[in-house]
Amino acid sequence: MTPEPRDSAIRISNLVKKYGDTVAVEDLSLSVRPGSMFGFLGPNGSGKSTTIGCLTGLLDPTAGHIEILGRSFSTESADLKRRMGVMPETLGLFDPLYAHEFLAFVGRMFGLDEATTRRRASELLEALDLSGTSKTLAEFSTGMRKRAAFAAAVIHSPDVLFLDEPFESIDPAGAALMKQWLRRFTDQGRTVFITSHVLETVERLCHEVAIITKPGKLVWQGDITVLANDGAIHCDGHEFRALEPLFLHLTGERYADLNWL
Amino acid sequence: MDFDRLGRLIALRYKLMWARTRTRNGKIALFFTGYLLFILVSVALWAGGLGAAVVAVRSGKAQLVADAALTGLYFQAVMMAVMLGFGMNTIFSDYELRRYPVRARERWLARHLIGMVDPFWLLVLALELGLAAGLYVLGAVSLAAAFFAVLVLFAGNYLLARFIGLALERLMQRKSGSIVAMAGIIALSLLPSTLGTMLRNNPERVAALLRVAAATPMFGAAATMTRSGAAAARGMALETAWLLAFLAALVALERRPAKAALAVAASALRWQGGCERAAAFLPPGPGGAPAPLVAHWLRFIIRNNRFRALYAMSLPLAAFLTFQLGRRGGERLFLAALSAMPLVGFLGSSRFAVNLFGYTGGGFRRLFLLPTDPAAPLRAASYAALLLGMPLVPVAVIAWIVLAPVPFDPRQVFMLLAAGFGGLFAFGGLGLWASILGPRRGNYYSGLGNDLSLAGNVVLIGWTLVSLMLPTVLHKTAPFTVAPENWWLAAAAVLVAALFYRVSLRSAGALFVARRERLLAVVEGRA
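These protein sequences, in sequence, are chains A and B.
Sequential numbering of the first sequence, starting at 720, is according to this note's numbering.
Sequential numbering of the second sequence, starting at 603, is according to this note's numbering.
By construction, these hints were calculated from the structure, which means they are not laboratory data.
Note that the Cβ used here is the ideal one computed from N, Cα and C, for glycine as well.
Check before you lean on any hint, since a few could be wrong.
Here are the in silico distance ranges between beta carbons for each label pair [what the hints assert, rightly or not]:
#1 B/L715 - A/C954: 37 to 45 Å
#2 B/F883 - A/S748: 46 to 54 Å
#3 A/A961 - B/Y697: 51 to 59 Å
So the derived list for chain A, only partly shown, Cβ under 10 Å to chain B, looks like this [stated by the list, open to error]:
#4 G783
#5 H784
#6 L799
#7 K800
#8 E808
#9 L810
#10 D814
#11 G893
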């Protein structure tokens, strides 16, 4: 299904998430254009996974408003969830199942008919090199588990895809295939929301980036396609020709001279 | 041997325990554990071991009483460790300890010393030391000899429990091993009552049994504690020999590589099976759950080895309990069947029913990403546990009709069905609350041990006891309630149980959604 045109595929307004007195996300507002590959970056513990938790219905925001595909979103929004694909940080696999059983379960739950579920699951398993194995998900290697989680996120061909560290532990061939699919995905007007610590990958793949710092505070959002055309990003009076220096500038570089190391 | 590093590793186990007390629940648990342990150790030391010693000396049968006390304690400790998993947690695996600069022997020693200083084993030790101290105070023995005998016996007791636990774990990795293991455990747990009956009926066999028992480590320890000279030395030699034998057996078993997981032949993918067909029986609509979700839960539970073992044992166990509790026949037999019938329904899936999400690990998160009513996963999981128990109830009733040596009475049949289904519904309702209010992260693949939360244990053990005792209590206090003439009362009882389940499902559903972040933290091991 191709999503209908609108201003933003994801819109977050004044999102706050607190755990007791601890603030995990503080007044975060951002919007993501439809058909874009959006990189959501930040240091460890800055609130990226918490934000994705709120965006996907795992966590209840303490305050703020979330819109997905132009409609207000909460954990009860079953219709919207049907149009979203999520690859969570912990992968969300059921270890005793075989990969095809897991994909069939996800496909059926997302409303695919039986024939489509089987066809897509088989194709995904074949393409991601997960077919022909007699192992359960528990016996998969880390990379294979990640590929299985990716397959579960895309099997129903969602309009918005949330991927938390999708390429970590995946071999180069698998990662290249996934990137190729993601590019085609956005070419069709669908939206991808990615978190990653591999800035080179984000720079090559994403159209736009948001950078947050602790506690979940937006410090920069902008188009990064200029970097691919040898252009530069201007920020705080500095010029940045790559994402990494911009990220370090915004989140704070750390130096420690350990002369024994 | 680097004892300094060993000490640090053991200290790390207690630091990890202490770290848990940083949460509010941890502090409450610590307080109750500490309080209970203090009371238990005090009672065990003075009323148990010391009390036995007083009886032993005053009756003039010190060795006989010590034999009995130590034997009882020894077997209780092994049973509690193997069946309930008390004192079986060594915290670190050999694999985990390899990251530290310690040799193989040191890793082995560290793991088992950590196991031996578990509060459960300390309680066992306190009881045995109480006996030794009592015997010494009353002038029956030398303190050093008694304490040494206790320590050797205690170490052997731990090693034996560990050996049996590991042997069972290995057995359960084999095909049908879980059923064999569970049958063995249940047979062993029923052995004392069976043995007691046999000896009462055949008193001449007592002497033969005592001759065999004299060669056990418990009798050796009792001889060391209560005798002197050559008899004491023989006792010490005997229990030391057993200690070395258990040590050798455990080391040999640990060195033997575990059997690799059963290979499943790569064959054509099977997309649909019995789980999907069974789930399709459930009517859709409000209060229902999507069939694929129920099918998923059915598969998740059925694929568990421990479930398979308990499920396979449910009917034989109920039959045994019926004929054991009702051996006097007639009315007693029917009461016993009423007691055992609820177990048939809920026992197999009980571990899952009281901790519905504890074994899902990272998969739990997936349930909230599904495009369903957020409470649907709770309903689906509970329905799956119920669906698995239901078919066994009519099978058990048919077995009653065929095997019970009583005339066929349709009213009794109806009451047995009501007991089975009523017990299942009530347990299902209680399990919902235990799953939400007392979740615990468990290991789906663990073959043995008790990994339920306090709430889970209270529901499982409590409801089992209630089921077993209620018919007898009712027979004594209000006999008309279990009389076949009033069979319709059973219909009322099963309706009440079903209503309780229905109300629990609805109320717990709302609570499940409200507490999902807390549940996520527990199930994913962050709380």
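Results of checking the hints against the structure:
The beta-carbon spacing between B/L715 and A/C954, approximately 58 Å, falls outside the hinted interval of 37 to 45 Å. Here the CB-CB span from B/F883 to A/S748 is close to 49 Å, well matched to the stated 46 to 54 Å. For A/A961 and B/Y697, the Cβ-Cβ distance of about 41 Å falls outside the hinted range of 51 to 59 Å, so the restraint is violated. Nearest Cβ of chain B to the Cβ of A/G783: about 16 Å, over the 10 Å cut. The hint is violated.
Residue-level restraint check for A/H784 is violated (minimum Cβ-Cβ distance to chain B is 19 Å; threshold 10 Å). Taken as an interface hint, A/L799 checks out: its beta carbon lies about 8 Å from the nearest beta carbon of chain B, inside 10 Å. At its closest, the beta carbon of A/K800 sits 4 Å from a beta carbon of chain B; the interface hint therefore holds under the 10 Å criterion. Annotation: A/E808 was flagged as interfacial toward chain B, and the flag holds, the nearest CB pair being 8 Å apart, inside 10 Å.
Hint status for A/L810: holds, given a least beta-carbon distance of 6 Å to chain B, under 10 Å. For A/D814, the interface hint holds, since its Cβ comes within 10 Å of a Cβ in chain B; the closest pair sits about 6 Å apart. At its closest, the beta carbon of A/G893 sits 20 Å from a beta carbon of chain B; the interface hint therefore is violated under the 10 Å criterion.
Hint compliance for this structure: hints 1, 3, 4, 5, 11 are not met, and every other hint is.
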